[in-house]
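With these hints in hand, go ahead and build the complete structure from the sequences.
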Amino acid sequence: MKMPILPDQHYNRLKWIAQVALPAMGTFYFAVAGIWGLPYGEQIVGTITAIDAFLGALLGLSTMQYKKSLKEE
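Positions in the sequence shown are counted from 1; adding 2 to them yields the working numbering.
All the pointers check out, no bait thrown in.
Per label pair, the in silico range of CB-to-CB distance:
id : residue 1 : residue 2 : range
1  : E44       : Q67       : 29 to 39 Å
2  : K69       : I46       : 31 to 41 Å
3  : V22       : Y68       : 16 to 26 Å
4  : L63       : F30       : 20 to 30 Å
These are computed hints drawn from the structure, not numbers from a lab.
C-beta atoms are modelled at their ideal positions from N, C-alpha and C, and glycine is treated no differently.
In structure tokens form, the structure reads like this:
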């Protein structure tokens with residue numbers, strides 16, 4: 003089954019989220035949770051990291067499919 007190629011605008015936005023926003027958000031919450039005693043610091047950061055890893059895998063798959071489609075043309 004051939005998956006549709008993700009438009010550049012969506013890919014770039016998701017890539018920024020995976021490379022910048024989610025790691026920054028996880029780091030911020032982990033630091034603030036330690037300082038202020040906020041609940042579930044490890045669980046929340048672990049969840050953010052899991053989402054980020056999943057998104058990174060999907061973006062990697064999208065990149066591989068895009069490169070493969072360029073070779074086929």
